[in-house]
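Student: Protein chains in written order, with the numbering used here: chain Y, 1 to 420; chain Z, 1 to 246.
Watch out, some of these pointers could steer you wrong.
To be verified - Here are the simulated SDA-like pairs of lysine to any residue, each with C-alpha atoms no more than 25 Å apart in a straight line: (1) K256(Y) / G62(Y); (2) K407(Y) / E92(Z); (3) K13(Y) / E162(Z); (4) K142(Z) / D17(Y); (5) K127(Y) / I153(Y); (6) K104(Z) / A119(Z); (7) K56(Y) / G294(Y); (8) K196(Z) / G166(Z); (9) K104(Z) / D412(Y); (10) K121(Y) / G202(Y); (11) K23(Y) / H40(Z); (12) K13(Y) / H100(Z); (13) K23(Y) / P160(Z); (14) K23(Y) / S117(Z); (15) K206(Y) / G126(Y); (16) K206(Y) / I50(Y); (17) K51(Z) / S21(Z); (18) K80(Z) / S416(Y); (19) K13(Y) / R155(Z); (20) K142(Z) / N11(Y); (21) K13(Y) / S66(Z); (22) K142(Z) / M14(Y); (23) K13(Y) / S21(Z); (24) K207(Z) / E53(Z); (25) K13(Y) / V156(Z); (26) K13(Y) / N161(Z); (27) K13(Y) / G166(Z); (28) K51(Z) / S66(Z).
Derived from the structure by calculation, the hints contain no laboratory data.
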Amino acid sequence: MRFISTAFYENFKMALDTLRGNKLRSFLTIIGVVVGVITVMLISSIISGISVAVSKEVESFGTRSIFLYKMDIGIRTTAPTREERMRKPLTLDDAEAIGGLSTIEVAVPFLDISNNFFGQKINVTGKNGKTSSSVQLNGTLPQMAETTTEVLIDGRWFSAGENEAKTNVIVIGDFVREAYFPFENPIGQTLEIGGQEFRVIGLLQKREQLFGGGGGNNDQSNIVYMPMGAALKLKPNADDLFILAVAREGYLEQAKDQVQDLLRQRRNVKFGDKNNFAMETAASLIDQFQAITGGVFLAMVIISSVGLMIGGIGVMNIMLVSVTERTREIGIRKAIGAKQRDILTQFLIEAATLTGFGGIVGLLIGWGLSFLVQLVFPSYVPLWAPIAGFVASVGIGLIFGLFPAWKAARLDPIESLRYE
Amino acid sequence: MNDVNGAASSNGTAKTASADSIISMRNIWKTYQMGTEELHALQDVSFEVKKNEYVAIIGPSGSGKSTLMNLIGCLDSPTKGEYWINGNQVAEMSDDELAHIRNKEVGFVFQTFNLLSRATALHNVELPLIYAGLRAAERHEKAMASLTAVELGDRVTHRPNELSGGQRQRVAIARALVNHPSILLADEPTGALDSKTSIEIMHLFEKLHAEGNTIILVTHEPDIAERAHRVITIRDGRIESDEKIK
Chain Y
1 MRFISTAFYE NFKMALDTLR GNKLRSFLTI IGVVVGVITV MLISSIISGI SVAVSKEVES
61 FGTRSIFLYK MDIGIRTTAP TREERMRKPL TLDDAEAIGG LSTIEVAVPF LDISNNFFGQ
121 KINVTGKNGK TSSSVQLNGT LPQMAETTTE VLIDGRWFSA GENEAKTNVI VIGDFVREAY
181 FPFENPIGQT LEIGGQEFRV IGLLQKREQL FGGGGGNNDQ SNIVYMPMGA ALKLKPNADD
241 LFILAVAREG YLEQAKDQVQ DLLRQRRNVK FGDKNNFAME TAASLIDQFQ AITGGVFLAM
301 VIISSVGLMI GGIGVMNIML VSVTERTREI GIRKAIGAKQ RDILTQFLIE AATLTGFGGI
361 VGLLIGWGLS FLVQLVFPSY VPLWAPIAGF VASVGIGLIF GLFPAWKAAR LDPIESLRYE
Chain Z
1 MNDVNGAASS NGTAKTASAD SIISMRNIWK TYQMGTEELH ALQDVSFEVK KNEYVAIIGP
61 SGSGKSTLMN LIGCLDSPTK GEYWINGNQV AEMSDDELAH IRNKEVGFVF QTFNLLSRAT
121 ALHNVELPLI YAGLRAAERH EKAMASLTAV ELGDRVTHRP NELSGGQRQR VAIARALVNH
181 PSILLADEPT GALDSKTSIE IMHLFEKLHA EGNTIILVTH EPDIAERAHR VITIRDGRIE
241 SDEKIK
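Extracted from the complex, chain Y is given alone in its bound form (with noise of 0.2 Å):
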């Protein structure tokens, strides 16, 4: 053991003097590995942030959360069938049934209207003369104080009394504040929308946005909230509905299923059919995120394979030269008593220290990128990656290393000797 160590230690200072006796040679030979583990860096690290990212995301809207809605929710990859835009919409009535069931502590619907009556946009206009046809405008019910998926800052929800009379009242998002209302408290003030005025009574807290700070017209605080009443004034045939509902603590498997049922009844689903509805949690949306980066993770490890496997060919290559110019270096050093086991750990050892530096190398420049990558993205760099990075490094020049270090060990002292 203790020779092991001594014979390690003394080859990995030689293979290090190689590598600074050859630094350019060096240098390309590595590019390769560099390369590869930048790609498993830079990466690994976009996906664990997007993961993260999305978890948050989807969670801020509550662990306990049921979402519903006619057509698929969470990541299409197609746009949605026939069948599925021939779907008839949920209703309020649905809202309120699933609100009565025993697991549910509180359903409430969105009705979007951002589209009027004529498939055009409703355009929301403010004092300071700004106009935008992007927000995005939601009828609800008073109920949606219970949940946790929008957070007041300022002011309060609307009343039952309030919903009832369809009053035009709102409540807004940050980004909505910041466009009209940049320098003033918006509670109090008034937004014209659909060219009916609207009182503003809450402010909603800022979101947290997926992807860094501005997030646009799409950003997800450019919200509005009205009593359901008010919004059918605007929009009478809306019918876009989306369903939160919440259920118990503890009770999310048992409520899946009782909401399930209770929309299968009311929907008309056959025994045996598919639901013609979709239904999806905060736990069954990050499944389908994870699902997919599963295939982006798999094409990174392939591409960074590819990366490795180009540079372990190279590491074969320049270690192959190497044996050759060191001929009467392996003679000397089996005429003073090297066995072959000796001259293999030493080119081997070689081999990998040269990778394993091209890894190190790779890793610190992966890292100080996804640091910039981080400015315009969630990123960070997940602890497995910049160990598999190395592990991965210094295996190719084991591997890749073997055959030139077994060459090494099988040379003839007398012919190696004797070589110029």
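Given the coordinates of chain Y, work out where chain Z should sit on it, guided by the hints.
Tutor: Quick look at chain Z alone, frame taken from chain Y:
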């Protein structure tokens, strides 16, 4: 006694009866196959070298003296015959066993020095100790002692290209001696040196001999061979003469 197979069965471990011999070669043959022809580089060579002898092996090129040197130095194995070095039968040893014997029993000095050019004098001398598995502190101490013995104690951090030819050969001698081998095997040690430096190196060999080392010198120069105490002449793969001259 000359039964090769019998000797092989106890190879490496058994100690020979002739305990005062450091080297004992008995009926050694080395045959190379050249196409259909057999070329006998060595034919039935037998001799003994006792402790603290100073032997020169001389012969023209092509006489088989290089082959003999490779065999004495355990770089190669004979085709036939018995070879004992310090009580170890090496004729049928494996490559790794031979490496072990070279490390422990043989100190090589080459015509072209054969130092590692990137390593310092000290590291060059430490090298055999690394393969012997010694710890760094011990290696350092022994290598320093060995370099001091060849009067290079003040040059230990120099690399070979920063040393003169004579100094390089002395580093090589320090390396050969560092593991206290049974024999110091020198192959044309002055072949690459000018005459003044050659004389210095030959004086060093005499000093080492006086200190009790066993030296075998392979050369084709008669005036170098004359400095030894015994001269073995090789011609056409056979020992032509073997005489004590001092």
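Student: Determine for every hint whether it applies to the structure shown.
Tutor: Here is what the structure says about each hint:
no.: 1; hint: K256(Y) / G62(Y); in the structure: holds (14 Å)
no.: 2; hint: K407(Y) / E92(Z); in the structure: holds (23 Å)
no.: 3; hint: K13(Y) / E162(Z); in the structure: holds (21 Å)
no.: 4; hint: K142(Z) / D17(Y); in the structure: holds (23 Å)
no.: 5; hint: K127(Y) / I153(Y); in the structure: holds (23 Å)
no.: 6; hint: K104(Z) / A119(Z); in the structure: holds (22 Å)
no.: 7; hint: K56(Y) / G294(Y); in the structure: holds (18 Å)
no.: 8; hint: K196(Z) / G166(Z); in the structure: holds (9 Å)
no.: 9; hint: K104(Z) / D412(Y); in the structure: holds (19 Å)
no.: 10; hint: K121(Y) / G202(Y); in the structure: holds (23 Å)
no.: 11; hint: K23(Y) / H40(Z); in the structure: violated (48 Å)
no.: 12; hint: K13(Y) / H100(Z); in the structure: holds (23 Å)
no.: 13; hint: K23(Y) / P160(Z); in the structure: holds (21 Å)
no.: 14; hint: K23(Y) / S117(Z); in the structure: holds (17 Å)
no.: 15; hint: K206(Y) / G126(Y); in the structure: holds (20 Å)
no.: 16; hint: K206(Y) / I50(Y); in the structure: holds (19 Å)
no.: 17; hint: K51(Z) / S21(Z); in the structure: holds (6 Å)
no.: 18; hint: K80(Z) / S416(Y); in the structure: holds (24 Å)
no.: 19; hint: K13(Y) / R155(Z); in the structure: holds (21 Å)
no.: 20; hint: K142(Z) / N11(Y); in the structure: holds (20 Å)
no.: 21; hint: K13(Y) / S66(Z); in the structure: violated (35 Å)
no.: 22; hint: K142(Z) / M14(Y); in the structure: holds (20 Å)
no.: 23; hint: K13(Y) / S21(Z); in the structure: violated (40 Å)
no.: 24; hint: K207(Z) / E53(Z); in the structure: holds (13 Å)
no.: 25; hint: K13(Y) / V156(Z); in the structure: holds (18 Å)
no.: 26; hint: K13(Y) / N161(Z); in the structure: holds (21 Å)
no.: 27; hint: K13(Y) / G166(Z); in the structure: violated (28 Å)
no.: 28; hint: K51(Z) / S66(Z); in the structure: holds (22 Å)
Comparing the model with each numbered hint stated earlier shows that hints 11, 21, 23 and 27 do not hold.
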